[in-house]
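2 protein chains.
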Amino acid sequence: MIKTKLDPSIVAATLTTCLNKGVAPIALHEPSFRGNEWLFVKDCLDTGWVSSVGKYVDKFEQELAAFTGVKRAVAVVNGTASLQIAFEVAGVCPGDEVLVPDLTFVATTSAVKHCGANPHFVDISVTSLGVDPQKLREGLEKIGRQTPEGLFNLQTGKKISALVVVHTFGHPAEMDELAEICSEFKLTLVEDAAESIGSYYKGQHTGNVGLVSTLSFNGNKTITTGGGGAILTNDARIGEIAKHITTTAKIPHRWKFAHDRVGYNFRMPNINAALGCAQLESLPLLLSKKRDLAARYQIAFEEIPGVKFLAEPKYGKSNYWLNTLILDEDQAQLRDPILELTNNQGIQTRPAWEPMHTLPMYADCQRMDVSNSISMASRIINIPSSPCLTPDV
Amino acid sequence: MIKTKLDPSIVAATLTTCLNKGVAPIALHEPSFRGNEWLFVKDCLDTGWVSSVGKYVDKFEQELAAFTGVKRAVAVVNGTASLQIAFEVAGVCPGDEVLVPDLTFVATTSAVKHCGANPHFVDISVTSLGVDPQKLREGLEKIGRQTPEGLFNLQTGKKISALVVVHTFGHPAEMDELAEICSEFKLTLVEDAAESIGSYYKGQHTGNVGLVSTLSFNGNKTITTGGGGAILTNDARIGEIAKHITTTAKIPHRWKFAHDRVGYNFRMPNINAALGCAQLESLPLLLSKKRDLAARYQIAFEEIPGVKFLAEPKYGKSNYWLNTLILDEDQAQLRDPILELTNNQGIQTRPAWEPMHTLPMYADCQRMDVSNSISMASRIINIPSSPCLTPDV
Numbered sequence: 001m002i003k004t005k006l007d008p009s010i011v012a013a014t015l016t017t018c019l020n021k022g023v024a025p026i027a028l029h030e031p032s033f034r035g036n037e038w039l040f041v042k043d044c045l046d047t048g049w050v051s052s053v054g055k056y057v058d059k060f061e062q063e064l065a066a067f068t069g070v071k072r073a074v075a076v077v078n079g080t081a082s083l084q085i086a087f088e089v090a091g092v093c094p095g096d097e098v099l100v101p102d103l104t105f106v107a108t109t110s111a112v113k114h115c116g117a118n119p120h121f122v123d124i125s126v127t128s129l130g131v132d133p134q135k136l137r138e139g140l141e142k143i144g145r146q147t148p149e150g151l152f153n154l155q156t157g158k159k160i161s162a163l164v165v166v167h168t169f170g171h172p173a174e175m176d177e178l179a180e181i182c183s184e185f186k187l188t189l190v191e192d193a194a195e196s197i198g199s200y201y202k203g204q205h206t207g208n209v210g211l212v213s214t215l216s217f218n219g220n221k222t223i224t225t226g227g228g229g230a231i232l233t234n235d236a237r238i239g240e241i242a243k244h245i246t247t248t249a250k251i252p253h254r255w256k257f258a259h260d261r262v263g264y265n266f267r268m269p270n271i272n273a274a275l276g277c278a279q280l281e282s283l284p285l286l287l288s289k290k291r292d293l294a295a296r297y298q299i300a301f302e303e304i305p306g307v308k309f310l311a312e313p314k315y316g317k318s319n320y321w322l323n324t325l326i327l328d329e330d331q332a333q334l335r336d337p338i339l340e341l342t343n344n345q346g347i348q349t350r351p352a353w354e355p356m357h358t359l360p361m362y363a364d365c366q367r368m369d370v371s372n373s374i375s376m377a378s379r380i381i382n383i384p385s386s387p388c389l390t391p392d393v
Numbered sequence: 001m002i003k004t005k006l007d008p009s010i011v012a013a014t015l016t017t018c019l020n021k022g023v024a025p026i027a028l029h030e031p032s033f034r035g036n037e038w039l040f041v042k043d044c045l046d047t048g049w050v051s052s053v054g055k056y057v058d059k060f061e062q063e064l065a066a067f068t069g070v071k072r073a074v075a076v077v078n079g080t081a082s083l084q085i086a087f088e089v090a091g092v093c094p095g096d097e098v099l100v101p102d103l104t105f106v107a108t109t110s111a112v113k114h115c116g117a118n119p120h121f122v123d124i125s126v127t128s129l130g131v132d133p134q135k136l137r138e139g140l141e142k143i144g145r146q147t148p149e150g151l152f153n154l155q156t157g158k159k160i161s162a163l164v165v166v167h168t169f170g171h172p173a174e175m176d177e178l179a180e181i182c183s184e185f186k187l188t189l190v191e192d193a194a195e196s197i198g199s200y201y202k203g204q205h206t207g208n209v210g211l212v213s214t215l216s217f218n219g220n221k222t223i224t225t226g227g228g229g230a231i232l233t234n235d236a237r238i239g240e241i242a243k244h245i246t247t248t249a250k251i252p253h254r255w256k257f258a259h260d261r262v263g264y265n266f267r268m269p270n271i272n273a274a275l276g277c278a279q280l281e282s283l284p285l286l287l288s289k290k291r292d293l294a295a296r297y298q299i300a301f302e303e304i305p306g307v308k309f310l311a312e313p314k315y316g317k318s319n320y321w322l323n324t325l326i327l328d329e330d331q332a333q334l335r336d337p338i339l340e341l342t343n344n345q346g347i348q349t350r351p352a353w354e355p356m357h358t359l360p361m362y363a364d365c366q367r368m369d370v371s372n373s374i375s376m377a378s379r380i381i382n383i384p385s386s387p388c389l390t391p392d393v
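As given, the protein sequences belong to chains A and D, one line each in that order.
The numbering used here puts the first residue of the first sequence at 1, with every later residue one more than the last.
The numbering used here puts the first residue of the second sequence at 1, with every later residue one more than the last.
To be clear, the hints were calculated from the coordinates, so they are not data collected in a lab.
Careful: at least some of the hints might be erroneous.
[What the hints assert, rightly or not] Here are the simulated lysine-lysine pairs, DSSO-like style, with alpha carbons at most 30 Å apart:
1) Lys135(A) to Lys186(A)
2) Lys289(A) to Lys42(D)
3) Lys42(D) to Lys59(A)
4) Lys158(D) to Lys159(A)
5) Lys55(D) to Lys42(A)
6) Lys256(A) to Lys186(D)
7) Lys113(A) to Lys256(D)
8) Lys256(A) to Lys317(D)
9) Lys186(D) to Lys158(D)
10) Lys55(D) to Lys55(A)
11) Lys5(D) to Lys256(A)
12) Lys158(A) to Lys42(D)
13) Lys289(D) to Lys42(A)
14) Lys256(D) to Lys289(A)
15) Lys113(A) to Lys159(D)
16) Lys42(A) to Lys59(D)
17) Lys113(D) to Lys159(A)
18) Lys5(A) to Lys256(D)
19) Lys55(A) to Lys42(D)
20) Lys113(D) to Lys113(A)
21) Lys159(D) to Lys243(D)
22) Lys186(D) to Lys135(A)
23) Lys250(D) to Lys113(A)
24) Lys158(D) to Lys142(D)
25) Lys55(D) to Lys289(A)
What you are looking at is a predicted structure, and each value in this text was computed from that prediction instead of being measured.
The task is simple: from the sequences and hints, build the whole structure.
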């Protein structure tokens, strides 16, 4: 069924062809529990170790560090909490500005606010959907003033202390270029790898370039712990601080309850970590199934006019967390009709997030030119991406 | 074995007599999973609903509201998060002062800091261990200035916006007197009921007097969800706001991701709520077993000189979350030897928390006279309190 002009029915039909599991409803992303999930969770209940102490938290942290190749992983309650702590341990202070991509899940931005800092929106690349290095450099040259105390915003007088890069929908951002800008402008680099477990930048797992990085294990992610997240770092001292302040900053003692700084109760409960240990065992298989599905989408949508399937960048490997269609600029008006038709057919699809600068509570934040973000937000459609959509071999 | 003078061995021997389960190690408080825990958790794994959506969160919130008698309960990731949100929805603003008991778990205080507000320590009662109404009134009369905008601290110039009351170790605080002071001085009353599920003040479950209240379901609490907490309120509008801001402040829509204020990712995952639903079913039995144990302690320690078992106040009913011994003033030097001996014997005991004003990060906070807190901290010993220490009938 090849047409010369895009319409919603052709998108719906192409999706159905790719989705071997033909029975609606088909979720955007559902978890897969086919390994040791039961065994490990039941072990927690049988031993009574469900909470803040127990072997699975340590095991999960060690296995996460091994999988991602970082020195230290700290398991926490969710991705938002991991970002808040990442900013804090990266030295972001209340009142600072943090550069945040304009097109991301709201947590990247709210975590900046949770630190008492100010989001400053930067544009995204139309190819990687990560922060656009060229536009970032131009923006910083326009508004930045280098001082011995760091980079300051000429327009607000505030310190710009960090850049957070998001590996959007699992596609690795242009890290070499972004790291070079951070080094040149004296910005701390934080990677929000919430969406990119199993994604690699030039052969290295995402999250290894930033001073601190974060993961999410929400139920819609590639692997899940119910709710959960992690802080990743190659700096052992920062890893220690992250662990300490996410566990109430308690001073170790046999019975005494003393604490040495303002801490958070962000530790991941043992029962959730048990789920995570089982999920990590399955991760290679899940990633492989997700790549199979992405390959099917890629081939199928090559034939369709007016829309492109977003393939991984040449320099990296994507986990294809959420498979993504991008409508041509002159087809943007079809976004909502396509969402309407596919969701009515029980195929869950969704647009990208609303650009951050359009949300009422962030409308007054500083921003650079974010025209790519606006354009992509009007043209992106995420399509079903669960590993279960690829049958077992 | 009645002696006329207290020594550590007599305390250890008396504990052993009360603890029918003679085999060390005996934990301070361990959870009990003997109901539908595995059934409900397995249901989450089997259906894939482990995370932010699923029936157990709604069920847990409804059953919590029914059990405690409040209009609305909102389940969140832990007690600290519930306190932070309670302060925010109660109208505490950055820069305000919040009155906090000097002897409490550090989370009561850190949650104030997480709101950008300033803890101001007040003293505790030597009988209830809750906030001392008489000393609070005297303190406020000394430093408070009433204005049309509320109560201000004459010494700091800051607004004092709220009082948080803790039902320490499960014993209900003196709510009538404290509520009257809040009304007279125009303070918002928040109840930290983290330790007091199943505790009643004059026949009403704790958490019903404050504008907002909080619970904790950490692994050491009477019932647990792994990690978890809840916000309780009798104000429907405040309940709605609490639910909204703990779930990223997302505007409900079939596919659009828009948010209308700075929100938090504090929702309790479904798998943790499933555990909570099963625990709530067992709660009446667990409370009854805990009361049996407390009764045994009370009788046994009546005979022992130099130390008292803390009984519930006449006006209320305690869940006896952590059973508490209080050494006579002239026996305080025995606290550490008793802790040493009992812990060496595998009977887990612990002192109260370090008074808040002695922690380095809170040493500069405002405080009233906190002499009761200092005295009690030097004399309190918490003793094993698990429901499993009472055998089944």
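Verification of the supplied hints:
no. : hint                   : verdict
1   : Lys135(A) to Lys186(A) : holds (17 Å)
2   : Lys289(A) to Lys42(D)  : holds (25 Å)
3   : Lys42(D) to Lys59(A)   : holds (22 Å)
4   : Lys158(D) to Lys159(A) : holds (27 Å)
5   : Lys55(D) to Lys42(A)   : holds (21 Å)
6   : Lys256(A) to Lys186(D) : violated (36 Å)
7   : Lys113(A) to Lys256(D) : holds (22 Å)
8   : Lys256(A) to Lys317(D) : holds (28 Å)
9   : Lys186(D) to Lys158(D) : holds (14 Å)
10  : Lys55(D) to Lys55(A)   : holds (29 Å)
11  : Lys5(D) to Lys256(A)   : holds (26 Å)
12  : Lys158(A) to Lys42(D)  : violated (51 Å)
13  : Lys289(D) to Lys42(A)  : holds (25 Å)
14  : Lys256(D) to Lys289(A) : holds (27 Å)
15  : Lys113(A) to Lys159(D) : holds (23 Å)
16  : Lys42(A) to Lys59(D)   : holds (22 Å)
17  : Lys113(D) to Lys159(A) : holds (23 Å)
18  : Lys5(A) to Lys256(D)   : holds (26 Å)
19  : Lys55(A) to Lys42(D)   : holds (21 Å)
20  : Lys113(D) to Lys113(A) : holds (14 Å)
21  : Lys159(D) to Lys243(D) : holds (27 Å)
22  : Lys186(D) to Lys135(A) : violated (52 Å)
23  : Lys250(D) to Lys113(A) : holds (16 Å)
24  : Lys158(D) to Lys142(D) : holds (15 Å)
25  : Lys55(D) to Lys289(A)  : holds (29 Å)
Comparing the model with each numbered hint stated earlier shows that hints 6, 12 and 22 do not hold.
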